[in-house]
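Q: Each chain is listed here by its residues.
There are 2 protein chains.
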Amino acid sequence: MDDEHGKKHMAQSYKIDKLKETVAQSLTQLGWKIVNTIEDGTFPEIQLPLRATSNIIYDPNLRQYVLGAKRVLRTTKNVKHLRPFAQLIWISSFAKKLIKVGKTSTLRDTYYVAIGEGMDFEGQNESDNIIIELESLLGYPREDFNIFPEERASIYGDLVIEYTVPGFRGKRVDLSSHPDGFAIGPALTTAEFVKCGAEVLFVIEKGAVFARFVEEGADKKYKALLLHTAGQSPRNARKLIRRLNEELNLPVYIFADADPFGVHIASVIVHGSAISAHLRELNIPDAVWAGLYASDIIKYKLPSMKFTEQDAKRLDELKRDPRYQADPWKRELGVFSKIGRKAELEAFSRYGLEFIVEEFLPERLAELTKR
Amino acid sequence: MDDEHGKKHMAQSYKIDKLKETVAQSLTQLGWKIVNTIEDGTFPEIQLPLRATSNIIYDPNLRQYVLGAKRVLRTTKNVKHLRPFAQLIWISSFAKKLIKVGKTSTLRDTYYVAIGEGMDFEGQNESDNIIIELESLLGYPREDFNIFPEERASIYGDLVIEYTVPGFRGKRVDLSSHPDGFAIGPALTTAEFVKCGAEVLFVIEKGAVFARFVEEGADKKYKALLLHTAGQSPRNARKLIRRLNEELNLPVYIFADADPFGVHIASVIVHGSAISAHLRELNIPDAVWAGLYASDIIKYKLPSMKFTEQDAKRLDELKRDPRYQADPWKRELGVFSKIGRKAELEAFSRYGLEFIVEEFLPERLAELTKR
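Top to bottom, those sequences are chains A and B.
Residue numbers for the first sequence follow our numbering, so the first one is 128 and each next one is one higher.
Residue numbers for the second sequence follow our numbering, so the first one is 128 and each next one is one higher.
With the rest of the complex left out, here is chain A (with noise of 0.2 Å):
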């Protein structure tokens, strides 16, 4: 281990660590702030960011979707807010024992945790919705004071990663080692990044299409990591490619179908979700939405599929969002509109299986580098 790795590796098991210090102290503080109000004989109140529409606006300088200033107040002055008042305090205590165990958690153990503990849950969907609320409360993540979403994502490439997680912390893998790709879950998503070979990072929607890259070398034509979000991305896999593109300066090439479903996948990554508007460092606003673009069916004359109903209504929901206001969404969404067709990126095969690495790829890499 040379100096310099060291003190790398140091970085990142402090940073994991002091993370997780502040996170927990967050939910002291909560748990102190409300026993000081009942002690000192009044009734106690948590003041939560508004999660409206109303309060979604436009961060300028972080470049995505945040939440405003409006706050709501909830209080146990209100009879009516004593059940989502004493859900937000077992939800934030359950928190700060996993951290302090150090286990990770879901969303549906979590829920039936707090159902084995009594607590009164009307379903899954009620809870989920106060770990939404603590994240906005806390400004972090859930991953953060450790419930994780399953895992289903993947990356294979030239990246050498070293572990921060108990039981494995110091331990090394070369994600180029298996061809069938890495599964991305907290383990991989909290690693240090130890060497990195590649220049590049393609996300791929489709575990068929990310084979084929492995299977043609795109990795290596092109020096590139590739990740297989499995459809719509996981947030484990948003936080690493963010941390791939920050922390390694990796620019980030998104390619998924070309349909409503597809164009919303990229532009989660790039914009962030209007559900975790109320987060930071989930969305890669460098990340570049590469294909397959409305405009590609007519372009490589692939083989394509009328809209359904589903796909018209999706669309006509995303020509109203104003994260498809600027090109090449605006103009992408118009070009089907108008065609009212969509096509897969497995559609290239219709030109040979080497077609969308050889002849695809440095096409549109090239267009995209040129503007």
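No lab work stands behind these hints: they were computed from the structure.
Small disclaimer: the values here were computed from a predicted structure and weren't measured.
Be a bit skeptical, because a hint or two may be false.
Note: identical chains are not told apart, hence a pair may lie in one copy or across any two.
[Stated by the list, open to error] Straight-line alpha carbon distances no greater than 30 Å define the calculated DSS-like cross-link-like pairs of lysine-lysine that follow: (1) Lys457 / Lys433; (2) Lys298 / Lys347; (3) Lys348 / Lys227; (4) Lys145 / Lys440; (5) Lys207 / Lys446; (6) Lys230 / Lys197; (7) Lys207 / Lys160; (8) Lys147 / Lys347; (9) Lys230 / Lys298.
Please arrange chain B on chain A, whose structure you already have, making use of the hints.
A: Here is chain B on its own, set in the frame of chain A:
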């Protein structure tokens, strides 16, 4: 590399090369048969196994449902047969090309390549069906002619593998080196097992429960490999489970949700799927369904949900299915009927996050090994 391993490694690489050669030969023979018939001035024809319920029988030796002896004739004398005949020949020729150049494809990619080469397929359903016909004709699963499913499942544990795929042949990876899991794709499915410290395989439907097993150290406590199917087990994963069971003699225990869909996930791993009755070696007759049982909902007082209409309909289908006529299947379907409720694996978290690994798992394993 010691001698013993040297020999074993040769064996697996040799086995894979030999298999591909055998499949390629069958494809070549199919081609010659047709060419020769045409040169003889007669109409070429193909005998296909009948893939219909009337031809699905239980084979007590293989302990799985297989196709019987009934066959259907596809003949170019019949104008109506010309189209599927041509389609089958095209798929056969594409399969041979894949083996020859050492590339893989997916069902979807194959459809698009067909479109691109001017083959007339109404939609992907039609090409998928012809690929299944080719499987039944050759008696080999499509993975053996390089048409792979999308990877989604993953694995973790004390197993060192050595790849046989081009570009990675001879390289090794330790599957305990990445706690988030290794994606199960073509490379992992065909790899040599070099060194295994595990004595049992736990197959898990849910990602959250897989993560829980890793976090609670179930791999160490039970010397277990952990495999996450992410819902209905993909064929890649079933193939790998079969190999781990046969080649390493690992007993297999399956954990799925206590609902008709979870039961079916377990059953497909044990008995095979109806759609794959024309294939061998994709099921694991010795695998044991280890839960979650309907009776566990009562026994462990688990938080449960009422059956939806869909659940009730699915339960009725299962009760009529020949694969569910023995215990524990029959017994547990009966309990489902009686209580009309379902529960998820995560429901054990009502007793704390450790419960499923610390309490439920040893109890269930003791019950199952006692029998």
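Q: Now, for every hint given, state plainly whether the structure supports it.
A: Hint check:
Only within a single protomer do lysine 457 and lysine 433 lie at most 30 Å apart by alpha-carbon distance; the minimum there is 20 Å, versus 45 Å between protomers. In this homomeric assembly, lysine 298 and lysine 347 come within 30 Å of each other (Cα to Cα) both inside a single copy, at 25 Å, and across copies, at 17 Å. Within a single copy, lysine 348 and lysine 227 get their C-alpha atoms only as close as 45 Å, which misses the 30 Å cut-off; across copies the closest is 23 Å, which meets it. For the identical chains of this complex, lysine 145 and lysine 440 are neighbours neither inside a copy (45 Å) nor across copies (52 Å), given an alpha-carbon limit of 30 Å.
Taking the shortest alpha-carbon separations for lysine 207 and lysine 446, neither the intra-copy value of 38 Å nor the inter-copy value of 47 Å comes in at or below 30 Å. In the homo-oligomer, the alpha carbons of lysine 230 and lysine 197 never lie at most 30 Å apart, since the shortest distance is 34 Å inside one protomer and 56 Å across protomers. Taking CA atoms no more than 30 Å apart as the test, lysine 207 paired with lysine 160 passes inside one copy only; the shortest distance there is 21 Å, against 79 Å between copies. In this homomeric assembly, lysine 147 and lysine 347 come within 30 Å of each other (Cα to Cα) only across copies, at 27 Å, whereas the closest approach inside a single copy is 37 Å.
In this assembly of identical chains, lysine 230 and lysine 298 lie within 30 Å of each other by CA distance solely inside one copy; the values are 19 Å within and 34 Å between copies.
Hints 4, 5 and 6 from the earlier list are contradicted by this structure; the remaining hints agree with it.
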